[in-house]
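Asker: Following the hints, put chain W in place on chain P, whose structure we already have.
Residue numbers (this note's numbering), protein chains in the order written: chain P, 1 to 398; chain W, 1 to 232.
Hints in this document: simulated from the structure, not taken from any laboratory. A few of these clues could be false.
Quick look at which bits of chain W chain P covers, simulated, 3 or more residues with Cβ under 8 Å [to be verified]: (1) 48-61; (2) 72-85; (3) 92-102; (4) 108-115.
So, partial list: chain P residues that the calculated Cβ filter (under 10 Å) puts toward chain W [unchecked claim]: (5) GLU2; (6) ARG298; (7) GLU301; (8) GLY303; (9) VAL313; (10) VAL392.
All C-beta atoms, glycine included, are put in the ideal place defined by N, C-alpha and C.
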Amino acid sequence: MEILRNIWRRKLRSTLTISGIVIGVLALTTMGALSENFNALLDGGVKYFSSSIQVGPPDGQSASLLPLSKIDEIKQVPGVAAAFPSYGFAAKPGAVTTVSFGVPDEIIAGDPAENDWGQLKLSTAQGNYLSGSAGEVLLGDTISKEFKKKVGDSIDLPVKPADAKPDFVNHTFRVVGILNVTRTAPDSFAYINIADGQMLLKDSLPVAIRSQIDTSQITESIDVYGQRGSSISQLDSIANRINAQVSGVKATKPSVIVDSFKSGGAIFTAITTAAALLALIIGGLSVVNTMFMAVAERIREIGLKKAVGATTVNILREFLIEATLIGAIGGLLGYGLGALITIVANATTPPGQSTLFLITVRLTVLAIGFAIALGAVAGILPAFRAARLDPVTALRNE
Amino acid sequence: MANVRLEDLRKHYKRGGEVIRALDGVTLDIDKGEFVAVVGRSGSGKTTMLDLVGLLLRPTSGRLLIDDVDTTTLTDRDRAHMRSEKVGFVFQEYNLLPTMNVVENVMLPLRYAKTKVGGRERALELLERVDLTDRIKHRPSELSGGQQQRVAIARSMINRPSLILLDEPTGAVDTETAEQLVALLKRLNKEDQVTIVVVTHDLDIAAQTSRNIRLKDGKVLADERVGAASVA
Chain P
1 MEILRNIWRR
11 KLRSTLTISG
21 IVIGVLALTT
31 MGALSENFNA
41 LLDGGVKYFS
51 SSIQVGPPDG
61 QSASLLPLSK
71 IDEIKQVPGV
81 AAAFPSYGFA
91 AKPGAVTTVS
101 FGVPDEIIAG
111 DPAENDWGQL
121 KLSTAQGNYL
131 SGSAGEVLLG
141 DTISKEFKKK
151 VGDSIDLPVK
161 PADAKPDFVN
171 HTFRVVGILN
181 VTRTAPDSFA
191 YINIADGQML
201 LKDSLPVAIR
211 SQIDTSQITE
221 SIDVYGQRGS
231 SISQLDSIAN
241 RINAQVSGVK
251 ATKPSVIVDS
261 FKSGGAIFTA
271 ITTAAALLAL
281 IIGGLSVVNT
291 MFMAVAERIR
301 EIGLKKAVGA
311 TTVNILREFL
321 IEATLIGAIG
331 GLLGYGLGAL
341 ITIVANATTP
351 PGQSTLFLIT
361 VRLTVLAIGF
371 AIALGAVAGI
381 LPAFRAARLD
391 PVTALRNE
Chain W
1 MANVRLEDLR
11 KHYKRGGEVI
21 RALDGVTLDI
31 DKGEFVAVVG
41 RSGSGKTTML
51 DLVGLLLRPT
61 SGRLLIDDVD
71 TTTLTDRDRA
81 HMRSEKVGFV
91 FQEYNLLPTM
101 NVVENVMLPL
111 RYAKTKVGGR
121 ERALELLERV
131 DLTDRIKHRP
141 SELSGGQQQR
151 VAIARSMINR
161 PSLILLDEPT
171 GAVDTETAEQ
181 LVALLKRLNK
191 EDQVTIVVVT
201 HDLDIAAQTS
211 RNIRLKDGKV
221 LADERVGAAS
231 VA
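Same shape as in the complex, but just chain P:
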């Protein structure tokens, strides 16, 4: 209680000091939540791409088309345990994409069995997974909210643009399930069956060659898996073997894709670190200043406490606790405000747009723990000064 009263006896000064920490921790919380959200998105990519090898057309080929027969050839490569065709289409063709922290809406066609192989497991919040019947769609969380769809509803895909040409083709799909939130790409995806994917592929081909291509024998890319638990370096080796043994395809090493995701995350981590350093400098210096002022004002009190039996350690502890408490109050308020801002911002994000912030346990511990540690460290010098005061000099200080 005495410590709280001591903090409060200089209301303006304490308020200003605590405000400094509040601002720093608020910045740390909001920037950190932004970074956590972005990292969650990237983590999804890392999870997905670190467990599979992406095989596409060789460099220089303009169309992303591969014969399905390549899957059988790839399966002959040592180390390959499974390979699946994969098709991807823009869900909103012609939509203008601006700078966004989310992933654009996409229609993904693939084999439902593939979900058993990747590290990124999808699960349904409502309804069921794809059964294999034509005309089914499984929607990600974000895209389902964007189009306000629930299980049993129908949706026309791809979405017809307002300025679509008369020959624009789309198809009606029945929503069989809604996925749980993944905070990464699948939230914006609409999953359909392979046969429906091949139908969309046909629609997407130029009219001049459409009739000449049997899309039932074509895939856009192939997702290849090694034995379960394969490391990235083992998958890299498999990719090298595919490139060496299978002609007309290019397997990208997972490590290349994963490194690219990680370097993107590093930028955001740097921003968060910068915010933390700013908090350290502003908040820390103001706590140091406040505590030195407190020591200067309370010299006689320190002398009195020593006279009535306080040891050096007792005085050191009292001032350290006071500084730590200033840090803790600032940290809790800053975190609370920051969390409130992110919650309000996420709640007011229009349906269908990815939310920007993610408050995690890690971020909570970091923000509050950082503020407490900051107060404690900033209090060390003033506390030492107080603790080492000569009681006789202190008692007769004017």
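Answerer: For chain W alone, coordinates are given in the frame of chain P:
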């Protein structure tokens, strides 16, 4: 039995090239239950002697024993513990903590004591003895000088010390209040058999104690039994 024993106790300071002999070879015993006044002009060494006996200063040489313990060999930590257990202080400027109320101020020394005797009950009992029961929730700024000094006296007794040291305790109060405070000290000295050493300029106060030690230039000029208040 000597409660406090000073053996050739000296405290010298260096100021520039000059050595200041604040206390210069004082040897004396103060028995348990004595009420002693230390008098002398400014610079005679009164306050230095009080600071040494109160373990706030370390002597340059000599020995200081409190209840037969040689305090000159103790660590700073042990000296702090001895201050907490054996010594109570009362200062001219009261030195009450402004953020605490009366009872909290009285209880302050308990925070640093190894054995916390009595706690709040003891504080309330002491406040009753100094006639401040109706002021326990007041802050120091709401009290008169005399009341504040009575709080300081109660605080000095909370850990049941064997020795109370007072540095000009009546220096900041009027004559009537000073007389009341001295009467209170005499009563506590008699009832608790606590040794009281008071540093004062006021010869009227000194006359009410049992013994006057007169200092000059850091040495004992005179050591007289007064008799009026002797309880030893």
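Asker: Next step is simple, just say for each hint if it's right about the structure.
Answerer: Outcome of the hint check:
1. 48-61: This one holds; 4 residues, not fewer than the three required, reach chain P with a Cβ under 8 Å.
2. 72-85: This one holds; 7 residues, not fewer than the three required, reach chain P with a Cβ under 8 Å.
3. 92-102: Held - the region 92-102 of chain W has 6 residues with a Cβ nearer than 8 Å to chain P, which meets the minimum of three.
4. 108-115: Contact hint for the region 108-115 of chain W vs chain P: holds, 5 residues under 8 Å.
5. GLU2: With Cβ-Cβ at 6 Å, under 10 Å, it holds.
6. ARG298: holds (9 Å)
7. GLU301: holds (6 Å)
8. GLY303: At 8 Å from the nearest chain W Cβ, GLY303(P) passes the 10 Å test, so the hint holds.
9. VAL313: holds (8 Å)
10. VAL392: The hint holds - VAL392(P) has a Cβ within 10 Å of chain W, the shortest such distance being about 5 Å.
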